[in-house]
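Line order of the protein sequences matches chains F and Y. Residues 673 to 1337 (this note's numbering) make up the first sequence, in order. Residues 2 to 91 (this note's numbering) make up the second sequence, in order.
To be clear, the hints were calculated from the coordinates, so they are not data collected in a lab. There's no promise every hint is true.
Listed next, the in silico DSBU-like pairs over lysine-lysine satisfying Cα-Cα at most 30 Å (straight line) [as the list claims (entries may be wrong)]:
#, chain 1, residue 1, chain 2, residue 2
1, F, Lys864, F, Lys781
2, F, Lys946, Y, Lys20
3, Y, Lys20, Y, Lys48
4, F, Lys781, F, Lys819
5, F, Lys864, F, Lys900
6, F, Lys900, Y, Lys13
7, Y, Lys20, F, Lys917
8, F, Lys796, Y, Lys20
9, Y, Lys13, F, Lys916
10, F, Lys781, F, Lys946
11, F, Lys1060, Y, Lys48
12, F, Lys946, Y, Lys82
13, F, Lys711, Y, Lys20
14, Y, Lys82, F, Lys917
15, Y, Lys48, F, Lys796
16, Y, Lys20, F, Lys795
17, F, Lys803, F, Lys819
18, F, Lys890, F, Lys900
19, Y, Lys20, F, Lys890
20, F, Lys1060, Y, Lys20
21, Y, Lys13, F, Lys917
22, F, Lys916, Y, Lys48
23, F, Lys916, Y, Lys20
24, F, Lys819, F, Lys804
25, F, Lys819, F, Lys711
26, F, Lys890, Y, Lys48
27, F, Lys916, Y, Lys82
28, F, Lys795, F, Lys828
29, F, Lys828, F, Lys803
30, F, Lys712, Y, Lys82
31, Y, Lys48, F, Lys946
32, Y, Lys48, F, Lys711
33, F, Lys1060, Y, Lys13
34, Y, Lys82, F, Lys1060
35, F, Lys1187, F, Lys976
36, F, Lys711, F, Lys890
37, Y, Lys20, Y, Lys82
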Amino acid sequence: MKKVIALAGNPNVGKTTLFNALTGLRQHVGNWPGVTVEKKEGIMKYKGREFLVVDLPGTYSLTAHSVDELIARNFILNGNADVIVDVVDSSCLMRNLFLTMEILEMGVKNIVIALNKIDLAEKKGITFNFKKMEKVLGIPVVPTNAKDGTGIEDLKRKIVAVADGRITVNPVVPVYDDIIEREISHISEILKETALAERYNLRWLAIKLLTRDEEVIKLVLSHLGHEKMDEILHHIGELEEHYKKSLDIIIANQKYEFIDNLIHQFVTHFAEQKETLTDQLDRILTHPVYGMLSLLAIFYFLFKFVFTVGTPLQESLDSFFGVLGDNIGRYIVNDTLRGLIVDGIIGGVGSVLSFFPLVFLLFVAMSLLEDSGYMARAAVVMERIMRKFNLPGKSFIPMVLAFGCNVPAVMATRALDDERDRILTMIINPLVPCSARMVVITFLAGVFFERHKALVAISIYAISLGLALISALILSRFVIKGEESPFIIELPDYLIPSWKSVVIHSWERSKEFLKKAGTVILAGAVAIWYLSNYPQPVGTGLSYAEIIGRALEPVTKLMGLDWKAAVSLIFGIIAKENVIATYGVIYGIGGNEEALGVLMRQAMSPLQAFVLSLVTTLYLPCIATIAAIRAEGGTKWALVASLYNLILATVIGILVYHLGLFIMG
Amino acid sequence: MATIEEVLELIKSGYTNPKEIARVMGISVEEVSGIIKILESLGYIEKVKLGSSVCNRCPMKKICSGSCIHFKGQIYQISEKNSSNSSKTT
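Whenever a hint applies, use it, and build me the whole structure from the sequences.
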């Protein structure tokens, strides 16, 4: 029967590369029994002998918190391996040796350390005294670089020697403070009387009981009975009272300090803390003040890029749909059918499709920011601001997601444990402009503002976010009070994005936009066309659209907006892009050679366009978002969120319009 | 206070960036990252699932404009285990 070699280690330490180096192509992939965790096995050949190599799941410790940890732990614990190869990343010793100590505490004697990525450690300036390391740890250590095969033959030799019992292994185990050591001895004494003593390392069982490991508690309970088990747990409770916290963190701390002391005996030179390019960039981009300024500047240039490159294309497409409608219209004899196809479909959907170049470029810019790693920095800057406005820490996650779409953002509020925090986040979430509103903002800014398009777009964002923060401050202080919920963000290194991935990613997103134009926006355009032409055509004052629009006009008039804006806002509730589609249909853009932008510029001032843009961003969330709020928070809060947004948009719209009139004299 | 516990306390006190924690503690960012992983395996912090996992459950998935934010980097939040732990101190 083949001897079994188990590879254990942290994730991303080069375990798989080492597995490949040991086994070559002699591999088999399956699942661990009862779970969908991948199990890799392979055959290692050495001097005519064959060994079965098993790749254990990568873990950081051997607690019972995850399936991976349980699989690795039980494999070692049940003595399934003749040799355990602990793969250690030599450039990150502390956390790697934490797992090593957990393995050694199990009483393992058949172990070899593969000190992998030794080239990386050298690059970082870390040097080892390998002999001393073996002596201090009491186990064989082989420096390896699995990528180029360095040390693999030596590792094989050591593995076989341990498997054959030709190397004496005497592993070190962590030593804790007197109180914990006394308790370990006490529990071990109790367990000595049971059958567990024959199968398990009693010190390990005692340590796991102290950390209240559920699997071990169950195991010991079945051998000790309730009375003795309760006695042990009561004792552990007293110790926790003494330390004022759970013993698992106390033990982890002491283990960590123990490792630190060991490392100082065999690492002869530690890595120098050099400032990398990522560090230098982060000093500016995550700085409380410069970070915010950088964020504004980056988004300003993002819009600038989109407008500069996209506007000529958008204008051409806009004119194209005008000409297309005009030409198709000539061949359709039936008036109703011509109206539906030319004014409804080409006018409505065409006007939305005309800004496809802007949408694609926006997605390109967003993908560049995401792939470069900047978005994570933007989140750090945003989070810092949100915290100042009393937004519960975890709320920032849904708030960041809302820049993409408010629906998953509202669903992400599930991560918030406190009910009041969830409600607060759901109410203010629709104030964050999603990508659909970004499209409307981009279109209106592009059409109405010749020189300062990017600045206008940024200012709409700034006002909406400012209102979201002020709303959070007011609601959290006077209406919904929640507790702080801390978190930490690990930032990725900056990367130069691959153009291929950026283009593919942007195209995937843009394709979905086209799909939306062919479904929701198309249905909206047909409905708008019907309401604009029945019972009488638009312009007569008798179409349904005009009747509805004029009924709302007294309110929209206060914001400087006419009945057309009122109708467009109603259809915008279905999907925000319908705000533009509505104008396309009402102006009959499909049957009009003039581009929509030109017609809108004739009918509206830049101030009115700014107000329309702002009100579109702030008023009622789209129907999908309202449904999501209802599903997550109930009908009451869906109504509250809708009303709050509607009232806020109306008040702000009126204020901005009159302020604008005042400034312009 | 020992290292692992100190990192946990700094996260609880509002530090959100491992670089800031590394600076405060005078250790390397790699070491802070390592401790974060250990804290996760001990169950004191947990990964926050973002982006695709939320989008996959989204009822709008079929018609949305594929606009979920792809957030590189990893967010960890304090887990419930901490509240049971903090009750031991009271």
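Cross-check of the supplied hints:
With a C-alpha separation of about 20 Å, the suggested pairing of Lys864 of chain F with Lys781 of chain F holds against the 30 Å cut-off. Distance restraint check for Lys946 of chain F and Lys20 of chain Y: the Cα-Cα separation of roughly 13 Å lies within the 30 Å cut-off, and the hinted pair is therefore satisfied. Pair hint Lys20 of chain Y plus Lys48 of chain Y holds up; C-alpha atoms about 18 Å apart against a cutoff of 30 Å. The suggested pairing of Lys781 of chain F with Lys819 of chain F holds, with an alpha-carbon distance near 28 Å, which does not exceed 30 Å.
A hinted pair counts as satisfied when its Cα atoms are at most 30 Å apart, and Lys864 of chain F with Lys900 of chain F qualifies at roughly 13 Å. Only pairs whose Cα atoms come within 30 Å are accepted, and Lys900 of chain F paired with Lys13 of chain Y is rejected, the gap being roughly 37 Å. For the suggested pair Lys20 of chain Y and Lys917 of chain F, the alpha carbons sit about 27 Å apart, so the restraint of at most 30 Å is met. Only pairs whose Cα atoms come within 30 Å are accepted, and Lys796 of chain F paired with Lys20 of chain Y is accepted, the gap being roughly 18 Å.
With a C-alpha separation of about 17 Å, the suggested pairing of Lys13 of chain Y with Lys916 of chain F holds against the 30 Å cut-off. As the CA atoms of Lys781 of chain F and Lys946 of chain F are separated by approximately 39 Å, the hinted pair breaks the 30 Å bound. For a cut-off of 30 Å, the pair hint linking Lys1060 of chain F to Lys48 of chain Y stands: about 24 Å separates their Cα positions. A hinted pair counts as satisfied when its Cα atoms are at most 30 Å apart, and Lys946 of chain F with Lys82 of chain Y does not qualify at roughly 36 Å.
Distance hint between Lys711 of chain F and Lys20 of chain Y is unfulfilled; the C-alpha atoms sit about 36 Å from each other, more than 30 Å. For the given pair, Lys82 of chain Y sits about 11 Å from Lys917 of chain F by alpha-carbon distance, which is consistent with the 30 Å threshold. With a C-alpha separation of about 29 Å, the suggested pair Lys48 of chain Y and Lys796 of chain F falls inside the 30 Å cut-off, and the hint holds. A threshold of 30 Å between alpha carbons decides the hint, and for Lys20 of chain Y with Lys795 of chain F the separation of about 21 Å falls inside it, so the pair holds.
Restraint check for Lys803 of chain F and Lys819 of chain F: the C-alpha separation of about 24 Å stays at or below 30 Å, so the hint holds. Pair hint Lys890 of chain F plus Lys900 of chain F holds up; C-alpha atoms about 13 Å apart against a cutoff of 30 Å. A distance of roughly 40 Å separates the Cα atoms of Lys20 of chain Y and Lys890 of chain F; the hinted pair therefore is violated under the 30 Å criterion. Restraint check for Lys1060 of chain F and Lys20 of chain Y: satisfied, since their Cα atoms lie roughly 20 Å apart, inside the 30 Å limit.
Taking the CA atoms of Lys13 of chain Y and Lys917 of chain F, the gap is near 15 Å; set against the 30 Å cutoff, the hint holds. The hinted pair formed by Lys916 of chain F and Lys48 of chain Y meets the criterion: a straight-line CA distance of about 26 Å does not exceed 30 Å. Proposed proximity of Lys916 of chain F and Lys20 of chain Y is supported: the alpha carbons are some 29 Å apart, at most 30 Å. Proposed proximity of Lys819 of chain F and Lys804 of chain F is supported: the alpha carbons are some 25 Å apart, at most 30 Å.
For the hint linking Lys819 of chain F to Lys711 of chain F, the alpha-carbon distance of about 21 Å falls within 30 Å, and the restraint holds. In summary, the hint linking Lys890 of chain F to Lys48 of chain Y is supported, as the alpha carbons are separated by about 27 Å, within the 30 Å threshold. A hinted pair counts as satisfied when its Cα atoms are at most 30 Å apart, and Lys916 of chain F with Lys82 of chain Y qualifies at roughly 14 Å. Using a Cα cut-off of 30 Å, the hinted pair Lys795 of chain F and Lys828 of chain F holds, with the two alpha carbons roughly 25 Å apart.
Between Lys828 of chain F and Lys803 of chain F, the direct Cα distance comes to roughly 18 Å. Compliance with the 30 Å bound is thereby established for this hinted pair. About 33 Å separates the Cα atoms of Lys712 of chain F and Lys82 of chain Y, which puts this hinted pair outside 30 Å; it is violated. Of the pairs offered as hints, the one joining Lys48 of chain Y and Lys946 of chain F holds, with about 29 Å between alpha carbons and a cut-off of 30 Å not exceeded. With a C-alpha separation of about 24 Å, the suggested pairing of Lys48 of chain Y with Lys711 of chain F holds against the 30 Å cut-off.
Our distance criterion of 30 Å between C-alpha atoms is met by Lys1060 of chain F and Lys13 of chain Y, whose separation comes to about 16 Å. Simply put, Lys82 of chain Y and Lys1060 of chain F have alpha-carbon atoms about 27 Å apart, close enough for the 30 Å limit, and the pair holds. Annotation: proposed proximity of Lys1187 of chain F to Lys976 of chain F holds, straight-line Cα distance about 27 Å (limit 30 Å). Between Lys711 of chain F and Lys890 of chain F the CA atoms are separated by roughly 26 Å; this keeps the pair inside 30 Å, and the hint holds.
For the hint linking Lys20 of chain Y to Lys82 of chain Y, the alpha-carbon distance of about 25 Å falls within 30 Å, and the restraint holds.
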